[in-house]
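**Student:** Sequences and hints are given; from them, build the entire structure.
Protein chains in written order, with our numbering: chain A, 234 to 536; chain B, 66 to 355; chain C, -8 to 244.
I should point out that these hints are in silico values taken from the structure, not numbers from a laboratory. Misleading hints may appear alongside valid ones.
Stated by the list, open to error - Each computed BS3-like pair below joins lysine-lysine, with the alpha-carbon atoms no more than 25 angstroms apart: (1) C:LYS86 with C:LYS187; (2) C:LYS188 with C:LYS178; (3) B:LYS353 with C:LYS11; (4) C:LYS185 with C:LYS(-3); (5) C:LYS110 with B:LYS78; (6) A:LYS417 with C:LYS92; (7) C:LYS56 with C:LYS11; (8) C:LYS92 with C:LYS131; (9) A:LYS417 with B:LYS89; (10) C:LYS56 with C:LYS122; (11) A:LYS249 with B:LYS89; (12) C:LYS131 with C:LYS56; (13) B:LYS235 with B:LYS353; (14) B:LYS248 with A:LYS242; (15) C:LYS(-6) with C:LYS231; (16) C:LYS86 with C:LYS233; (17) C:LYS131 with C:LYS185; (18) C:LYS11 with C:LYS1; (19) C:LYS185 with C:LYS1; (20) A:LYS249 with B:LYS235; (21) C:LYS216 with A:LYS417; (22) A:LYS348 with B:LYS353; (23) A:LYS348 with A:LYS242; (24) C:LYS178 with C:LYS122; (25) C:LYS216 with C:LYS56; (26) C:LYS86 with C:LYS185; (27) C:LYS108 with A:LYS417; (28) C:LYS178 with C:LYS1; (29) A:LYS527 with C:LYS92; (30) A:LYS348 with B:LYS235; (31) C:LYS86 with C:LYS178; (32) A:LYS417 with B:LYS78; (33) B:LYS78 with C:LYS185.
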Amino acid sequence: MATSSHSGKSRYRTEKIIRITFFCISLASIATLALITIFLFMEGLPIFKEVSVKDFVFGQYWYPTDEPPDFGIFSLIVGSLSVTVVSSLISIPLGVLTALYLAETASAGIRQWVKPIVELMAALPSVVIGFFGMVLIAPFLQEVFGVATGLNLFNASLMLAFMSIPTICSISEDAIFSVPTELKEASLALGATHWETIARVILPASLSGITTAIILGMSRAIGETMVVLMVAGGAAIVPISLFDPVRPMPASIAAEMAEAPFRGDHYHALFATAVVLFLFTLLFNLAADYISHKYKQVGASTL
Amino acid sequence: MFKNSNSVQNRRKLLQFIMFGFFKMSAAINGIALLIIFYFLVSRGWRAITWTFLTQPPIDSMTRGGILPCIVGTVCLSLGAIIVAIPIGVASAIYLNEYAFQGRILRIIRLGISNLAGVPSIVFGLFGLAFFVVYLKMGVSILAGALTLGVLTLPVIIGTTEEALRAVPKTYREASLGLGATKWQTIYRVVLPAALPGILTGGILGLSRAAGETAPIMFTAAVFFTPSLPSSVFDEIMALPYHIYVLATAGTNIEATRHLQYGTALVLIVLVLGLNLMAIIYRARLQKQH
Amino acid sequence: MEKSLKIAIKELNFFYRDFKALTDVSLDVYAHEVTAFIGPSGCGKSTLLRCLNRMNDLISYIRIKGSIFLDDQNIYDPGMDVVSLRRRIGMVFQKPNPFPKSVFENVAYGLRVNGIKDKAYIAQQVETSLKAAALWDEVKDRIHESALGLSGGQQQRLCIARAMAVQPDVLLMDEPCSALDPIATQKIEELIHKLKKTYTIIIVTHNMQQAARVSDITAFFYLGKLIETDETDAIFTRPKLKQTEDYITGRFG
Ligand SMILES: Nc1ncnc2c1ncn2[C@@H]1O[C@H](COP(=O)(O)OP(=O)(O)O)[C@@H](O)[C@H]1O
Ligand SMILES: [Mg+2]
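**Tutor:** Next up, the structure:
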């Protein structure tokens, strides 16, 4: 039966075309990334005709609608960094310890329940978490700590921590899980307790994975928008206390973009702010990638 | 000599007991936090959920009425997003997992994907505004929003598809190739069908991710209020996440519409978590089969 | 020399879920002898060995019936302290598994976790153990370099040194040479010979020549049962059972 008389040559050519097509499609992610970069810069760079890069990044005052306007995003950057740092102080221990619980000490029955909980945490829409922080946590903080506003650095950090815990936890868990059993057994066989084995063998061996997890968690926190938009308080100041309101970069962009005149200075300044934000997350992600590739996890032995 | 005094032993055991206590506590804190959010949304939101609420548009400057346009908008946007993301994502995953050789190009593509996954959602929003809305002249529309959400969900789809492809046993491919099938025939007839359930799970996760996003649609698709349902992909629309944000921060009477806010949040969360739960259960069942 | 009983396994039955991996195993192990477990792959040798330091406890779905006495103490007693049991029973695994730490830190590990802080003592104990494992001369110049840089045979001797540093009574070895070349294997066999003065050694091997070379007592297992056990000479020259004879003469499956 010579019905499908594909000659070897034409079949080879078809295969090649298919292969190349898939290759081109797989470039879509990089192409998008490139487009994002190009368009952010295109719309952001014009602001530097008005202010110098230095004044933009280190300028103390953000009064974009004043006459004349001030485009200094230093307090926005500090706002972003402060919520990121404070939230990691909460999310790192909780995320890593939960990962250890899941990977090491939880029984199979319990893990079956806790893992979906972490996944559901990751799936909660940020606007819902922001809403929760606004209507429940803010009044609570105001009452308990007697602060002027419950919408502040602390509240935002708390909500952001909740959002980055799943990232930190699930990537750390993978890293801990892939530490070879042989290493664990070797340690236990020497009379180390389970905790000593975790502290001295498992954690060091999975350190690069956990570091990656932490960086990605922080990257998630610095880029998160709705939460900081709704609960950070929105004041473009350099915070002195945990209960000061702040205005992280994403909040500023989201809040002002709708009102900024199209292709006006304010509009360009917001795009330039997005460039700074983008560069921050790019830095975080490249660092995470570098660490996870440079310090590949070690196997039991490399025979 | 070896002095293994009882006090040393006891101290070691105590330390372990304490540390494991911390582990458990952390896990419990997460669970409790999730429960509190649920409890709070359900207890305050369920009363708002009525037939009218789900089937009517908002009225009286959005202080009464329902959220039908938001539900429709969110469904349109998230479906649109995965219609964009699934073909590209699945094809990318096929290339990465089935065709590509280990090497620099693969490394760069992967780097691109992981960095795309890390782009802040507000940056996607601005990109969508600058590229789809302005540059490609789509205007603020379902199309622009769906495309923006599509590129945002792309890494999710790629990741889950790759996982599904990796789970297909090597022997399947070898058997098919051994029978004289070409690589593409093998992928199309053997690998993809075997990976389909996993890819589907990824699609569901992508859907739920897109449904919950706010910042990317703020400037690309969503508006405060539009009384009519969309009739084409070039229409602006309302969406659940944005509606919550608007009512909670910029509504005409924030306190008086609290119950509507809770209700909308509850609807959104039921939608998003429902999809996720579906994916989780489906995946668990798949794993049991293997 | 009077033989003294070190380990007594009594009526041991072992299950992985519903699969019975060991059936009614009873066996005495004497101090300062080398006991070899032989038998075809999958007959339960590793399972039994890992019962002796309760390493199987790590697997959630196992069930054990019967008892194992170490110096007259049942190690499966509810009150048994597994951590100190494992300190008393060292284990060397099939694949060398050094920690990704320096040679020194590998050997010092067991001492450190056991609360020893005296630096001089640790250093001296590391040296003693490495010497006892016939590794000292090869590594003394690179003792603070990563253990992963050693050859396979060296890594395995490092693992033996690491096990000895905490001064156990018993050494369990699960096919310690299966991943090694003949020369490295020979070194380890010599080492085992030397070590039996100090330790009670149990070695799993599927290499019958090795069992014949290093052990005093040989126990032959088949399908989870202990078929025959005797002095090694006797087992290899005049086995009592047909099954044993078939296996050691290679007329097996
Ligand atoms: N972790 C495990 N789970 C389930 N079955 C196992 C496990 N480990 C070993 N087995 C089974 O128990 C039997 C004995 O295994 P093992 O003790 O490793 O044999 P040996 O060391 O003699 O080759 C084998 O049939 C093996 O498949
Ligand atoms: Mg074995």
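**Student:** Evaluate each hint against the coordinates.
**Tutor:** Results of checking the hints against the structure:
1. C:LYS86 with C:LYS187: holds (22 angstroms)
2. C:LYS188 with C:LYS178: With a Cα-Cα distance of about 17 angstroms, the restraint between LYS188 of chain C and LYS178 of chain C holds, given a limit of 25 angstroms.
3. B:LYS353 with C:LYS11: Holds, at about 23 angstroms.
4. C:LYS185 with C:LYS(-3): holds (19 angstroms)
5. C:LYS110 with B:LYS78: holds (24 angstroms)
6. A:LYS417 with C:LYS92: Roughly 14 angstroms separates the two Cα atoms, so the pair holds.
7. C:LYS56 with C:LYS11: Holds, at roughly 11 angstroms.
8. C:LYS92 with C:LYS131: holds (15 angstroms)
9. A:LYS417 with B:LYS89: holds (21 angstroms)
10. C:LYS56 with C:LYS122: Given that 25 angstroms is the threshold and the Cα spacing comes to 40 angstroms, the pair is violated.
11. A:LYS249 with B:LYS89: violated (54 angstroms)
12. C:LYS131 with C:LYS56: violated (46 angstroms)
13. B:LYS235 with B:LYS353: holds (19 angstroms)
14. B:LYS248 with A:LYS242: Holds, because 15 angstroms separates the two Cα atoms, which is no more than 25 angstroms.
15. C:LYS(-6) with C:LYS231: The hint holds at about 23 angstroms.
16. C:LYS86 with C:LYS233: violated (33 angstroms)
17. C:LYS131 with C:LYS185: holds (21 angstroms)
18. C:LYS11 with C:LYS1: holds (16 angstroms)
19. C:LYS185 with C:LYS1: violated (29 angstroms)
20. A:LYS249 with B:LYS235: Judged against 25 angstroms, a Cα distance of about 22 angstroms means the pair holds.
21. C:LYS216 with A:LYS417: Not satisfied, since the Cα-Cα distance of roughly 29 angstroms exceeds 25 angstroms.
22. A:LYS348 with B:LYS353: Answer holds: LYS348 of chain A to LYS353 of chain B is near 16 angstroms, not above 25 angstroms.
23. A:LYS348 with A:LYS242: Between LYS348 of chain A and LYS242 of chain A the Cα gap is close to 51 angstroms, so the pair fails against 25 angstroms, i.e. violated.
24. C:LYS178 with C:LYS122: holds (13 angstroms)
25. C:LYS216 with C:LYS56: Answer holds: LYS216 of chain C to LYS56 of chain C is near 14 angstroms, not above 25 angstroms.
26. C:LYS86 with C:LYS185: Cα-Cα ~22 angstroms, so holds.
27. C:LYS108 with A:LYS417: The given pair, whose Cα atoms are some 23 angstroms apart, holds under the 25 angstroms limit.
28. C:LYS178 with C:LYS1: Given that 25 angstroms is the threshold and the Cα spacing comes to 34 angstroms, the pair is violated.
29. A:LYS527 with C:LYS92: holds (17 angstroms)
30. A:LYS348 with B:LYS235: The hint is violated at about 28 angstroms.
31. C:LYS86 with C:LYS178: Holds, because 16 angstroms separates the two Cα atoms, which is no more than 25 angstroms.
32. A:LYS417 with B:LYS78: holds (18 angstroms)
33. B:LYS78 with C:LYS185: violated (35 angstroms)
Figure legend: structure checked against the earlier numbered hints; hints not met, in rising order: 10, 11, 12, 16, 19, 21, 23, 28, 30, 33.
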